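*Asks:* So you can see what is in the structure, the chains are spelled out below.
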Amino acid sequence: MPRFRPWLSPLLPLALAVVACGGPFPQSTLRPRSDFAGAVDQLFTSIFWWAIIVFVVVEGLLCYAVIRYRHREGRPAPRPVHGHTALEIAWTLAPAVILVFIAVPTMRTIFATAGEAPPTALKVEVIGHQWWWEYRYPDLRIVTANELSLPVGRPVQVSITSADVIHSFWAPALGGKRDATPGYVTRIAFRPDSVGVYSGQCAEFCGASHANMRLRVLVLRDSAFQAWVRRQQAPAAAPPRGSLEARGRDVFAKSACIGCHTIDGVSKGIIGPTLSHVGGRATIAAGLFPNDSPHLARWIANAPSLKPGALMMQMPVAGADLTAVIAYLQSLK
Amino acid sequence: MPEAGEHAHPTVGTYLRVAAILVILTVLEVGVFYVPAFHVVLVPTLLALSAVKFALVVLFYMHLRMDSRFFSFLFGGPFLLAVVVLVALLFLFFGHFTLRGAAGGGGAGG
Amino acid sequence: MTHAAAAHHTSMGLDSRKMAFWAFIGSECLLFGSLISTYLIYKGKSVVGPYPHDILNIPFTSVSTFDLLMSSLMMVLALAAVQRGDLKWAKIWLFATAFLGILFLGGQVYEFTSFVREGLTLQTNLFGCTFFVLTGTHGAHVTVGVLWLLTLWVRALQGKLGPAQALTVEISGLYWHFVDVVWIVIFTLVYLIQ
Amino acid sequence: MTGSRGLRSWLTTTDHKRIGLLYFYTAFAFFLVGGLEALLIRAQLARPNGTVVGAETYNQLFTMHGTTMVFLALMPLSAAFFNYIVPLQIGARDVAFPRLNAFSYWVFLLGGLFLNASWIAGPVFRAGVLNVAPDAGWFGYANLTERQYSPGPNVDFWMLGLQILGVSSLAAGFNFIVTILNLRAPGMKMMRLPTFTWMTLVTQFLVITAFPVITVALVFLMFDRFFGAHFYVPQAGATPLLWQHLFWLFGHPEVYILILPAMGIVSEVLPTFSRKPLFGYTVVVYSGVLIGFMGWGVWSHHMFSVGLGPIADSVFSATTMLIAVPTGVKIFNWIATLWGGTIRGTTALHFAVGFIAMFIIGGLSGVTHASPPADLQQTDTYYVVAHIHYVLFGGTIFGLFAGIYYWWPKMTGRLLSEALGKLHFWLTFIGMNLAFFPMHLIGLLGMPRRIYTYAPDLGVSSLNLVSTIGALLIGVATLVFVVNLWRTRSHGAPAPNDPWGGATLEWAIPSPPPPYNFSVIPTVASRLPRWKTEHHDPMPDPPAAPPAPVHVPGGSWWPPVAALGLPVLALALLTHHLWLAFLGVAIMLYGIYRWAFEPFEI
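Residue numbers (the working numbering), protein chains in the order written: chain L, 1 to 333; chain H, 1001 to 1110; chain B, 2001 to 2194; chain C, 3001 to 3602.
Be aware that a few hints might be false.
[To be verified] In the SDA-like style, the derived pairs of lysine to any residue whose C-alpha atoms are separated by at most 25 Å in a straight line are:
hint	chain 1	residue 1	chain 2	residue 2
1	C	Lys3532	L	Thr85
2	B	Lys2043	C	Lys3532
3	L	Lys123	L	Ala163
4	B	Lys2043	H	Leu1086
5	B	Lys2043	C	Gly3309
6	B	Lys2045	H	Leu1086
7	L	Lys254	L	Pro239
8	L	Lys123	C	Phe3223
9	C	Lys3189	L	Thr85
10	B	Lys2043	H	Leu1047
11	C	Lys3189	H	Arg1069
12	L	Lys268	L	Met315
13	B	Lys2045	C	Arg3225
14	B	Lys2043	H	Leu1042
15	B	Lys2088	H	His1009
16	C	Lys3532	L	Ala77
17	B	Lys2160	H	His1009
18	B	Lys2043	H	Phe1033
19	B	Lys2045	C	Phe3223
20	C	Lys3532	L	Gly74
21	B	Lys2045	H	Leu1047
22	L	Lys333	L	Arg231
23	B	Lys2043	C	Leu3242
24	B	Lys2045	H	Gly1095
25	B	Lys2043	H	Tyr1034
26	B	Lys2088	B	Pro2163
[Unchecked claim] If the Cβ cut is set under 10 Å, some of the chain C residues that face chain B in the computed set are:
hint	residue
27	Phe3174
28	Thr3179
29	Thr3209
30	Val3219
31	Asp3224
32	Ala3236
33	His3245
34	Ser3461
No lab work stands behind these hints: they were computed from the structure.
All values reported here derive from a predicted model rather than from experimental measurement.
Backbone N, C-alpha and C fix where the C-beta goes; we use that ideal spot for every residue, glycine too.
Taking the hints into account, I'd like the entire structure generated from these sequences.
*Replies:* Next comes the structure, spelled out in structure tokens:
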């Protein structure tokens, strides 16, 4: 005889067990690290428990009915019941009432998270590109890419837009995603509440390398943030005459690199991310690889093979020239 | 015999009268457009006039006034849906609760 | 549902073809609704000219509108003629309807070419995109209507359009009048409310 | 009149039953194709940094998986039952427009082949690769679909294929609305219609109102891509959000187009196998109508992350949550139908109960993203992938399988094996939970959807492996089903008129029914004509042979001919050959002309 026991299906405990063994989940939505993410998480948790209650009750009723009323020999024919008005009203009202309990905190959270940050907030502009992120701090006159540095405990006002197709800026620990739509500027505001490195990535399908459009948010202690700001505001490091780095700069300045990348005082390209302080970033290629010599070498030699569709072409830079360019880029702290 | 006998359709006289009204309304529309005094109420006037024309054609030329009410439902349902969608879209794109800070950064503070 | 069908028994007492056609017209409401919504949403969003007030020719289009309204009148007269079995007038009114339709299309061809000459094409700006696609879709509907009417006219010439075919004529009339009411809306929203 | 055998008879058939079978086999073939695409997707994601396919191929796979499942598998599988079952349930001899019905099928087939031709059409476009399949997602968000960002023919295949398929759906929509309203047997009042027929009617109203919107959205895209217009080009002042609004104005009703027929099937299967009338028939019908109606007012809930502003978000959140009420009412009525019955655990009932169990999960996760702030964390992640698969696989596909096991004997005259059926059910049930339940967690742990690769340090590798194993299990289950179908052709037990003791008219006639369906059109006196109720005795079955010869309309060549014009026209746009456009229009006009003047009596 058939028995339906979805509650016995071992999936939930199994899945939880798998999760329990894993970690540390750098992109989890369940570990909020800002007021915005915290409000969302709180709301989600309350809806989740409502869902669990409904799930247990309704699936329970279903399973009970299927088992209790299964066909057995000798059982009399069932009564042909056509309906029951009071029951219909009851189970129309029941979900409606539960929905009120979900809708009210939902509306409250919508308006609470829609607010603008106070005027003292740090202003950041996020611009999505295929497939990397550009960050501008208009008040600090800083432009950087892929790694967003923020001070802990200070409200941030983020304006988001795109330079080409639609992207979606998403750092789960700090809050929900928001689309980067060309021609529009949308805004989110949040206040990071713990120091740490949080990963995120583009959440709206944006073409071949959508999967490779990652990002990192560095929430820093205020002193560390100020130090970072000073480094970014300083002109790009000028290598000492005759050094390997100086040779790297000369190679860079004569290569096609300058068509797309900016290095203060060396080049003015704007198609790719700025490199003025690239040596200070921990990753390259929109969070894909660690910023070390082997990866830089492979990246410069053949970016499209590492990131399908990447606009950066294969650079005819090799041997000692390549070593020099890498040394130069790494010196740009 | 086809369905819907003669009695179901208006007479030629009705058709002609409706045509006359339609022409007058069209003249009014164009007239309103050219008279500067009307410019304040231009949009509502034009909308009202064209709604009347629309209704006349649908009710008399397309026989919805005397034909089965079910046909009115088949036409009116989707028509109303289209109007509601149009209004909703206009609200979404132009209303107060539209995208904040559209291109050009117009809307600081929403 | 007072006037029952005769030829076939149907549950609602309504002719199936006519019912299907009304459902089709309902569907078309959403088609033109989406096109008109887009026109209105993009109104005033063009970043370069020419803009509507630079280019739309109200007197000319008023004549076109009048032409299409009159074709609707011809259409109902044709239907009335077919219903009373008056083949002679049916032929005349049907042809008149189609002819006025062709005249309207001619006007649209003239309008489009003159706009292109004045620098408004599909590629120029959003006004060009939305205007040409909206009015072009309407024009395509008129074209289909003209072809349909001419087929009926040929049937009439062959003497095959008696009262038994009145329903066919009525349905083509529904189509024709619908195309007319769409134009009533377009004329107001596109031409008069600039 | 054409004969009843041979290829010719199938090409020209206008018999709703044959067209229903054609729909079934074609849609099932596309279902297998879509499933194969899903397996490749899961193979790629089984491990982090997967290398089974590259980024470009992966993007084509998920785009085609979505497009195929929605437009080529689920909708036409429902259509197989609209065709085969609805006329039988209302006591009709055929649909209102048999040739239009054939036309719908041929357009669907040609549209599906056109779309899938993109897998091998690369050389035609000198693309350097074999596959130039659509790669911008089944939702095709502008402006990624603009020529500037998608230069190849990929997106062209997608939008032209969808336009073709839209014609098929619209034609079928008008046909079934009229059929259901106008061809009911005497006494079959609207509130005596079987629930499946009712849900079909609601679905068709959604089709005829929603498809024009996507048609227009696609026309704009066509003009942008082929003729240099700027409907979605931000630089010209346009907004890509227009596409999103138009797409979801269609896309949300489309969700109900996919689920309502399955709900109708479940509402037929449960009463039959619990030997009880459907509990609250009127409420179930009205809530179905209400769901269809409300489905129009919620589209922007797909766009919460766009930043529409708090008021728009609140409004669309509220309307979305409201839909949970009629949906919940349906579920309670289904449970109440089972309650107090004598439930026979056939495979069809397994799938119907599985539908309810899985749909509850899908519905509940749906409520979590009806809440915009929560949705900001969930949308575009695997959490939503889990949700749609609980609704569309656990929901629609379970419902469709319930329908297949329920009606297959009626359609072919042979009963599917119950043993294989149970095996099929349990493998599918376990497989789908294994495949899709972990996706909730994968999403909450931060894995976006539509990514061809992910880093191991995301921490979701094991969960993805579990999901892939589940997908494989679904694949095995589907093979079991194919074996069952194949085996039943020769070894299935012959089906009597009514193997289940059903209440509705289709069980009153032989399996499979003769070409004329009913020897005598029955007169219906109650909602459950074949059951004894308080006020009515069971309706006597029509006699085995008709008392007088029944005229059955012959076949026609013109529907397939007219249908052929559409892909030719699409090919003209795709290859920029004007003469092909003229050819396509000429074929179509010729087909329609001959069709219009062909003597064809219903």
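*Asks:* Indicate, hint by hint, whether the structure satisfies it.
*Replies:* Taking the hints in turn, this is what the structure says about them:
{"no.": "1", "hint": "C:Lys3532 <-> L:Thr85", "in the structure": "holds, 23 Å"}
{"no.": "2", "hint": "B:Lys2043 <-> C:Lys3532", "in the structure": "violated, 63 Å"}
{"no.": "3", "hint": "L:Lys123 <-> L:Ala163", "in the structure": "holds, 19 Å"}
{"no.": "4", "hint": "B:Lys2043 <-> H:Leu1086", "in the structure": "holds, 14 Å"}
{"no.": "5", "hint": "B:Lys2043 <-> C:Gly3309", "in the structure": "holds, 22 Å"}
{"no.": "6", "hint": "B:Lys2045 <-> H:Leu1086", "in the structure": "holds, 17 Å"}
{"no.": "7", "hint": "L:Lys254 <-> L:Pro239", "in the structure": "holds, 16 Å"}
{"no.": "8", "hint": "L:Lys123 <-> C:Phe3223", "in the structure": "violated, 40 Å"}
{"no.": "9", "hint": "C:Lys3189 <-> L:Thr85", "in the structure": "holds, 22 Å"}
{"no.": "10", "hint": "B:Lys2043 <-> H:Leu1047", "in the structure": "holds, 17 Å"}
{"no.": "11", "hint": "C:Lys3189 <-> H:Arg1069", "in the structure": "holds, 18 Å"}
{"no.": "12", "hint": "L:Lys268 <-> L:Met315", "in the structure": "holds, 18 Å"}
{"no.": "13", "hint": "B:Lys2045 <-> C:Arg3225", "in the structure": "holds, 20 Å"}
{"no.": "14", "hint": "B:Lys2043 <-> H:Leu1042", "in the structure": "holds, 17 Å"}
{"no.": "15", "hint": "B:Lys2088 <-> H:His1009", "in the structure": "holds, 20 Å"}
{"no.": "16", "hint": "C:Lys3532 <-> L:Ala77", "in the structure": "holds, 12 Å"}
{"no.": "17", "hint": "B:Lys2160 <-> H:His1009", "in the structure": "holds, 22 Å"}
{"no.": "18", "hint": "B:Lys2043 <-> H:Phe1033", "in the structure": "holds, 18 Å"}
{"no.": "19", "hint": "B:Lys2045 <-> C:Phe3223", "in the structure": "holds, 18 Å"}
{"no.": "20", "hint": "C:Lys3532 <-> L:Gly74", "in the structure": "holds, 20 Å"}
{"no.": "21", "hint": "B:Lys2045 <-> H:Leu1047", "in the structure": "holds, 22 Å"}
{"no.": "22", "hint": "L:Lys333 <-> L:Arg231", "in the structure": "holds, 7 Å"}
{"no.": "23", "hint": "B:Lys2043 <-> C:Leu3242", "in the structure": "holds, 13 Å"}
{"no.": "24", "hint": "B:Lys2045 <-> H:Gly1095", "in the structure": "holds, 16 Å"}
{"no.": "25", "hint": "B:Lys2043 <-> H:Tyr1034", "in the structure": "holds, 21 Å"}
{"no.": "26", "hint": "B:Lys2088 <-> B:Pro2163", "in the structure": "holds, 13 Å"}
{"no.": "27", "hint": "Phe3174", "in the structure": "holds, 5 Å"}
{"no.": "28", "hint": "Thr3179", "in the structure": "holds, 8 Å"}
{"no.": "29", "hint": "Thr3209", "in the structure": "holds, 5 Å"}
{"no.": "30", "hint": "Val3219", "in the structure": "holds, 7 Å"}
{"no.": "31", "hint": "Asp3224", "in the structure": "holds, 8 Å"}
{"no.": "32", "hint": "Ala3236", "in the structure": "holds, 6 Å"}
{"no.": "33", "hint": "His3245", "in the structure": "holds, 9 Å"}
{"no.": "34", "hint": "Ser3461", "in the structure": "violated, 44 Å"}
Hints 2, 8 and 34, counting from the list given before, are not met by this structure.
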